[in-house]
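Protein chains in written order, with the numbering used here: chain G, 1 to 420; chain L, 1 to 159.
To be clear, the hints were calculated from the coordinates, so they are not data collected in a lab.
Among the clues, some could well be false.
Pair by pair, the computed Cβ-Cβ distance ranges are [unchecked claim]: (1) Gly235/G with Glu29/L: 45 to 51 angstroms; (2) Phe30/L with Met1/G: 54 to 60 angstroms; (3) Glu29/L with Asn263/G: 57 to 63 angstroms; (4) Ala10/L with Gln71/G: 40 to 46 angstroms; (5) Gly88/L with Ala347/G: 22 to 28 angstroms; (6) Glu29/L with Lys195/G: 28 to 34 angstroms; (7) Pro112/G with Phe30/L: 43 to 49 angstroms.
Ideal placement from N, C-alpha and C gives every residue a C-beta, glycine not left out.
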Amino acid sequence: MRHVIIGAGPCGVVAAETLRKQDPDSTIILIGNEPIPPYSRMAIPYFLMKDIDEAGTHLRSDDFYDTHNIQYLGHAVENVDTDLKVLTTDDGTEIPYDKLLIAAGSKPLLPPIEGADLPNVHNCWTIEDARQIAERSHSCLEVVLMGAGFIGCIILESLAKMGVNLTVIEMGDRMVPRMLDDKAGGLLEKWCIEKGVNIRTSTRVNSIREEDDVMIVELDNGESIRACTVISATGVKPNTEFLKGSGIEVDHGIVVNTNMQTNVANVYAAGDVAQGKDFSTGNYEVQAIQPTATDHGRIAALNMAGHLVEHNGSVNMNVLDTLGLISHSFGLWMGVEGGDSVDIYNAEAYKYMNLRFGSGIEEDVLVGASTLGVTQHIGVIRGLIESKTHLGVWKSRLLKDPTRLMEAYLSCTQELDNVV
Amino acid sequence: MQKSLHLDPAKCTGCLQCEMACSYEKLGEFNPSRSVIKVFTFHEEGRFAPYTCTQCDEAWCLRACPVDAITMDMSTGAKIVIDDKCVGCKVCTISCPFGTINYVQETGKVAKCDLCGGDPECAKACPTEAITYIDANATGYDRMKAFAEKSLPSANTSA
Numbered sequence: 001m002r003h004v005i006i007g008a009g010p011c012g013v014v015a016a017e018t019l020r021k022q023d024p025d026s027t028i029i030l031i032g033n034e035p036i037p038p039y040s041r042m043a044i045p046y047f048l049m050k051d052i053d054e055a056g057t058h059l060r061s062d063d064f065y066d067t068h069n070i071q072y073l074g075h076a077v078e079n080v081d082t083d084l085k086v087l088t089t090d091d092g093t094e095i096p097y098d099k100l101l102i103a104a105g106s107k108p109l110l111p112p113i114e115g116a117d118l119p120n121v122h123n124c125w126t127i128e129d130a131r132q133i134a135e136r137s138h139s140c141l142e143v144v145l146m147g148a149g150f151i152g153c154i155i156l157e158s159l160a161k162m163g164v165n166l167t168v169i170e171m172g173d174r175m176v177p178r179m180l181d182d183k184a185g186g187l188l189e190k191w192c193i194e195k196g197v198n199i200r201t202s203t204r205v206n207s208i209r210e211e212d213d214v215m216i217v218e219l220d221n222g223e224s225i226r227a228c229t230v231i232s233a234t235g236v237k238p239n240t241e242f243l244k245g246s247g248i249e250v251d252h253g254i255v256v257n258t259n260m261q262t263n264v265a266n267v268y269a270a271g272d273v274a275q276g277k278d279f280s281t282g283n284y285e286v287q288a289i290q291p292t293a294t295d296h297g298r299i300a301a302l303n304m305a306g307h308l309v310e311h312n313g314s315v316n317m318n319v320l321d322t323l324g325l326i327s328h329s330f331g332l333w334m335g336v337e338g339g340d341s342v343d344i345y346n347a348e349a350y351k352y353m354n355l356r357f358g359s360g361i362e363e364d365v366l367v368g369a370s371t372l373g374v375t376q377h378i379g380v381i382r383g384l385i386e387s388k389t390h391l392g393v394w395k396s397r398l399l400k401d402p403t404r405l406m407e408a409y410l411s412c413t414q415e416l417d418n419v420v
Numbered sequence: 001m002q003k004s005l006h007l008d009p010a011k012c013t014g015c016l017q018c019e020m021a022c023s024y025e026k027l028g029e030f031n032p033s034r035s036v037i038k039v040f041t042f043h044e045e046g047r048f049a050p051y052t053c054t055q056c057d058e059a060w061c062l063r064a065c066p067v068d069a070i071t072m073d074m075s076t077g078a079k080i081v082i083d084d085k086c087v088g089c090k091v092c093t094i095s096c097p098f099g100t101i102n103y104v105q106e107t108g109k110v111a112k113c114d115l116c117g118g119d120p121e122c123a124k125a126c127p128t129e130a131i132t133y134i135d136a137n138a139t140g141y142d143r144m145k146a147f148a149e150k151s152l153p154s155a156n157t158s159a
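The shape of chain G in the complex, shown without the other chains (with noise of 0.2 angstroms):
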């Protein structure tokens, strides 16, 4: 059998060592886009701030493939042919598959403004980006980011240990709106500028401009900012564009089943690029997070060595740590029709936490949770909403205490003898 991976993130290199277990005499390629040993981008920020040197960001270590049998080629995957089962790589190479992963993970989007596709306009995606953005550092000291969703809030944090001056533009009413509510936004805001960071929210980059040796960065709020850097991280999508033509289905992300098979025989998808099943909406969808890309890698793996088994969905759920100030995401954290909900907050302290319950026969239910500076058990939540733990009595202990969450988690799962 042979079997072809083409992604090398964790997603492709948790399939590689799956199948490898499953499947001891089988041929495996895993294909990555880049001339580098496969690595982690989660671990880019740590690489920019030097805590790491470039060998920590690999996701094994460098004889592993070697040592697994794993061939890793360092190649786009220009073209798969699948009636042919064979793929072109941007080398001209032909590789012939009898399974196919497809795990490219997503890429990054420039937003359409005038001046994006100025040289010291950067994403900050890959290892080659950072060493750029490290370099620069040096000398440039007025950085501009857009965006600060996930992925802006992650290189916030490396940027503004770097020491420079940083501003930050998000077009959304506050910061990580797709993980944050008003709330949590808003004190993680107050946060940042407490730290020195400048923050414009509701605000959009118009365009960026050289003048001389700097750019101008343009808001539509009439403001304008110096800068000698720009990083975008305005969001990502699904890489896809190389399977036009090849009959795989796509949507948002590549379409699959619950055995994380896509429409075409043998091909399965997993990670970023796949629109998985969401263990909260029962809904397909793409999450893009590093939880469900190893989930993802390693069912699709046990489904391509013959085993049959069944994705039953990922809980969406998000951790971030912006200058020290950790927050969370799980699940349903913008909550469900009917069900109730309780919160803390305590804008001093930086404390935040939400509990989402569900409604009808799930009412003392958790469905989803959202925290700002609670970081002890946190899993307990995933481990509740995903195990749907009727919370009974515990859940109006929680509605007037949400910080009890442990007490309710271990009396409702370990069966505390007389403890109730």
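Given chain G's structure and the hints, the job is docking chain L onto it.
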């Protein structure tokens, strides 16, 4: 025979010797706030529940780590954080459905129970046998493991 920690809330008196022993073993100082075993108090009932990682087979933390910083100790089955590799991204802390791997602000890394290499200090320190380190099969198996396998849909996928 693999051993595992057996936690029996009915026997726990809330003395916190386990937290003291754990932090002393890991940090060389008595600092219960940094212990990776925690005793939870149920004030209304006057009950206590010791709680830590059960080294579950699913190893959500290990699977979610983007930099291969969590590995399995083959002799004990413990999932261990390699501090030199951990970048502090915290993805494991949201992935673990038991909440037993936690971010430590002081170190900028995550911490979890490693079974002290096969001789857990918490079990030795417990005066009432609320925490014991015994043959895994003899524990009638662990509550959390049972909970994982029965109630978490994504746990039923190991092949």
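Cross-check of the supplied hints:
Judged by the Cβ atoms, the range 45 to 51 angstroms given for Gly235/G and Glu29/L holds: they are separated by roughly 46 angstroms. Between Phe30/L and Met1/G the Cβ separation comes to about 56 angstroms, which falls inside the hinted range of 54 to 60 angstroms. Taking 57 to 63 angstroms as the suggested C-beta distance range, the pair Glu29/L and Asn263/G conforms, at roughly 59 angstroms. Taking 40 to 46 angstroms as the suggested C-beta distance range, the pair Ala10/L and Gln71/G does not conform, at roughly 55 angstroms.
For Gly88/L and Ala347/G, the hinted distance range of 22 to 28 angstroms is satisfied, since their beta carbons lie about 26 angstroms from each other. Between Glu29/L and Lys195/G the C-beta distance comes to about 30 angstroms, which sits within the given range of 28 to 34 angstroms. Checked against the hint of 43 to 49 angstroms, the C-beta distance between Pro112/G and Phe30/L comes to roughly 59 angstroms, which is inconsistent with it.
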